[in-house]
Every structure is written in structure tokens, then in C-alpha cells.
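Novice: Using the sequences and the hints, build the whole thing.
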Amino acid sequence: MIRFFLVTLLLNVITTAASAQTSPSRPTDWDRVLENAKREGKVVVSIPASVELRTAIEAHFEKRFGIDVEPIVGTAPVIVSRIVQESKAGVHYFDLHLGGSESVINVLLPEGLLEPLPGWLVLPEVSDAKNWWGGHIWADNSKRYIYTSQAYQTQNLWYNAQSMKPEEIRSFDDLLDEKWKGKIGYLDPRFGGSGASLWSYLRDIKGEEYLRRLVGQNMLFQRGERQLAESLAKNKITFLMGVTYYSFAQFIKAGLPVQPLPTPKEGLYVSGGSGHLVILKNAPHPNATKLFVNWVLSKEGQEVYSKALGQATRRLDVDTKWLQEIGVAAAKDKLTLEQYHRLENQSEEKLKRSREPAAALARKLLGQ
Numbered sequence: 009m010i011r012f013f014l015v016t017l018l019l020n021v022i023t024t025a026a027s028a029q030t031s032p033s034r035p036t037d038w039d040r041v042l043e044n045a046k047r048e049g050k051v052v053v054s055i056p057a058s059v060e061l062r063t064a065i066e067a068h069f070e071k072r073f074g075i076d077v078e079p080i081v082g083t084a085p086v087i088v089s090r091i092v093q094e095s096k097a098g099v100h101y102f103d104l105h106l107g108g109s110e111s112v113i114n115v116l117l118p119e120g121l122l123e124p125l126p127g128w129l130v131l132p133e134v135s136d137a138k139n140w141w142g143g144h145i146w147a148d149n150s151k152r153y154i155y156t157s158q159a160y161q162t163q164n165l166w167y168n169a170q171s172m173k174p175e176e177i178r179s180f181d182d183l184l185d186e187k188w189k190g191k192i193g194y195l196d197p198r199f200g201g202s203g204a205s206l207w208s209y210l211r212d213i214k215g216e217e218y219l220r221r222l223v224g225q226n227m228l229f230q231r232g233e234r235q236l237a238e239s240l241a242k243n244k245i246t247f248l249m250g251v252t253y254y255s256f257a258q259f260i261k262a263g264l265p266v267q268p269l270p271t272p273k274e275g276l277y278v279s280g281g282s283g284h285l286v287i288l289k290n291a292p293h294p295n296a297t298k299l300f301v302n303w304v305l306s307k308e309g310q311e312v313y314s315k316a317l318g319q320a321t322r323r324l325d326v327d328t329k330w331l332q333e334i335g336v337a338a339a340k341d342k343l344t345l346e347q348y349h350r351l352e353n354q355s356e357e358k359l360k361r362s363r364e365p366a367a368a369l370a371r372k373l374l375g376q
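The sequence shown begins at 9 in the working numbering and counts up by one.
All clues stand as given, with none of them false.
Derived EDC-like pairs: lysine to aspartate or glutamate, alpha-carbon spacing no greater than 16 Å straight-line:
id : residue 1 : residue 2
1  : 46        : 70
2  : 329       : 311
3  : 273       : 176
4  : 214       : 182
5  : 307       : 327
6  : 289       : 123
7  : 187       : 175
8  : 214       : 274
9  : 307       : 325
10 : 96        : 119
11 : 315       : 66
Label-pair ranges, simulated between beta-carbon atoms:
id : residue 1 : residue 2 : range
12 : 96        : 189       : 41 to 49 Å
13 : 66        : 135       : 20 to 28 Å
14 : 50        : 190       : 46 to 54 Å
Just so you know, the hints here were simulated from the structure itself, not pulled from any lab data.
Quantities reported herein were computed from a predicted structural model and do not represent experimental measurements.
Just so you know, even glycine gets a beta-carbon here, dropped at the ideal spot from N, CA and C.
Specialist: As C-alpha cells, then:
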């Protein structure tokens with residue numbers, strides 16, 4: 009009887025094992041996302057105007073998943089205005105937006121056009137807070153809509169190495185010297201972005217009178233980052249403020265004499281750069297959107313995004329020390345969390361307290 013029982017048990021084990029090998033496994037929820045995303049065929053993403061980023065997305069995401077990414081590029085105010093107008097007309101073309109936080113917080117968030125994000129973070133390597141320096145950090149007060157994937161002390165002070173030496177500007181006060189009159193460019197602080205971030209930081213640490221004197225230096229204020237970067241590369245200006253690495257990438261690769269200025273003695277603010285991610289309500293390609301969100305926040309996606317833009321991710325498993333070569337210091341490599349929360353200036357709370365009054369001053373000094 010015992011022998012019969014053992015033989016029967018052995019036969020059951022063999023049958024079960026054989027069945028497991030020949031029967032297809034049941035599809036998981038993620039498998040269904042992949043399948044449905046391929047049916048949708050594409051995802052429409054508003055991204056920074058970086059050729060390197062578009063090329064990298066094609067080489068990694070599109071090649072891996074076979075899903076087209078339609079990139080929409082432009083200044084944040086223009087893109088956000090388009091999203092709002094289309095939504096009011098019942099048109100939903102965009103799936104998600106990646107960029108700075110200001111226009112998202114000031115326009116998309118109060119308009120109620122954002123989808124709560126936590127439920128879209130489904131892959132464990134993305135949803136597990138242990139993989140992120142500081143855990144999950146959000147730019148909005150409700151901590152539901154605007155995910156901050158990056159944190160770093162930005163390099164947005166650049167000089168032409170043929171026209172000046174870096175030791176000539178060791179403090180922001182040095183910019184008030186008469187010799188720099190007519191030689192400084194600035195990304196217009198009236199329209200958000202890194203120009204506005206730096207402007208509000210200078211207001212906080214130097215005061216409004218300093219900014220009045222800085223404007224008196226007959227500075228070149230423009231909205232186009234690429235145009236300003238080109239002006240510096242061609243030595244039309246000597247020093248440039250508010251423009252970040254990815255606008256200079258092609259000039260640097262071409263060997264033109266543009267260099268990041270060493271951090272002034274007053275230090276720099278902490279930025280989330282172009283790493284703020286939001287999902288638009290009624291996204292027309294929800295499965296492709298979910299796929300892209302989890303990819304771009306994965307180890308691979310953050311490596312691609314960080315390298316293309318020269319901005320530092322908060323992912324702990326992505327190397328960011330190489331960014332020091334271009335003057336960018338990742339928060340996770342240099343700061344404590346207390347320092348980060350004191351120096352960051354892209355959150356909803358900081359925008360209301362610091363950047364809005366600074367923007368009002370910019371409009372007063374430079375006109376509407």
C-alpha cells in the first residue's frame with residue numbers, strides 16, 4: 009500500500025512538471041500593458057528641446073518596445089497653453105509632459121488637467137521608494153500629480169573662454185563691474201524656466217536692489233536658449249546666465265570655447281530641472297503612457313534622460329558623479345535632505361513664496 013502511494017505521488021509530480029513546461033503561463037497585468045501599448049502604437053510626449061534626448065529615446069525605448077514616441081517640443085508656456093486650449097475644445101492629444109515645474113504648477117494643476125500619478129508607477133524598481141534618494145519627492149503640495157525625478161545643483165552660468173578667465177567672476181557681485189556692461193546674456197526671467205529659477209535665487213540671497221543694478225548692466229535678455237547659447241559660442245556675449253548644459257551640448261562637442269563657470273562663493277540653488285513628470289487627464293494612449301512612464305523612471309530610462317540633458321537623477325542605482333565634468337553636482341552625491349529642502353526652488357510652496365514675487369519684479373524692471 010505504501011509502495012502504491014509513493015508511485016502515485018511520483019506520477020503526479022511528473023505530470024504536474026510536464027504540464028508546467030508545456031502550458032503557456034498566464035499573462036500578468038504588465039504583459040497586458042505591453043500588449044495593449046503595442047496596439048495603441050504610440051505615445052505623445054512633451055519633452056525638452058534636445059536633439060540628444062530625442063535620439064536617445066529612439067535608440068532605447070522605441071527600439072526595445074516597438075512603440076513610436078511622438079515628441080512635442082517648445083517652450084513650456086507655449087506647450088502648456090496649447091494643452092489648456094485643446095482640453096477646453098475637447099481635444100486630448102498629449103499623453104504626458106516632462107519639463108520644469110513652474111508652468112505645470114501655475115497652469116495645468118489649477119486647471120485640473122493632471123491625472124494622479126501614484127497608480128501609474130507599477131514596476132517595483134520604479135514604485136519602491138528605496139530606489140530613490142529622498143524617497144518619492146513631489147513638486148505639488150498634495151504629493152499626487154507632479155513627480156520630481158531629478159535633483160541637482162545646476163550649472164547655468166557659462167563663459168566664453170576666449171574672452172574671459174573663470175577667476176574673473178568668483179562672486180555674483182563681480183557681475184556688477186563696469187567691464188561686463190553689454191557683455192552678459194540672460195534667459196528671460198519673465199517666462200519661467202532656469203532663468204526664472206536663478207533670478208528668484210538672486211533675489212533671495214542678494215535682494216531686489218542687486219537685481220536692479222544687474223539689469224542696469226545693459227544685459228541681453230532673450231527667451232530662446234539655443235539662440236543665447238549660440239551668441240556665447242560665437243563670442244557675441246562673454247557671459248551667460250540661466251541656460252543649462254543641453255543647450256550647449258552641440259557646441260561643446262564641436263569644440264567651441266564655452267565653459268561652465270565654477271560655482272560662485274554664494275553657492276547655487278537646487279533644481280529639479282526637466283525631470284518633472286505629469287500625466288494628462290484623458291490620455292489618448294493610456295497603456296503606452298504607462299509603459300513610457302515606467303521606462304523613463306526606471307534605471308535605464310533615467311540613465312538615458314540624465315545623460316542626454318546633463319541633469320542628475322535621484323535614482324540611487326544610476327551613476328551621476330560624471331556630471332561634475334560639466335559643472336553639475338547631483339544632490340544625492342553632495343547634499344543632505346535638509347540641505348535639499350532648504351535650497352530647492354521648484355516646489356509649489358517655494359514657487360508661491362519666492363518665485364512669484366521675483367517674477368513680478370522681473371516684469372516691473374523689464375516690462376510686461
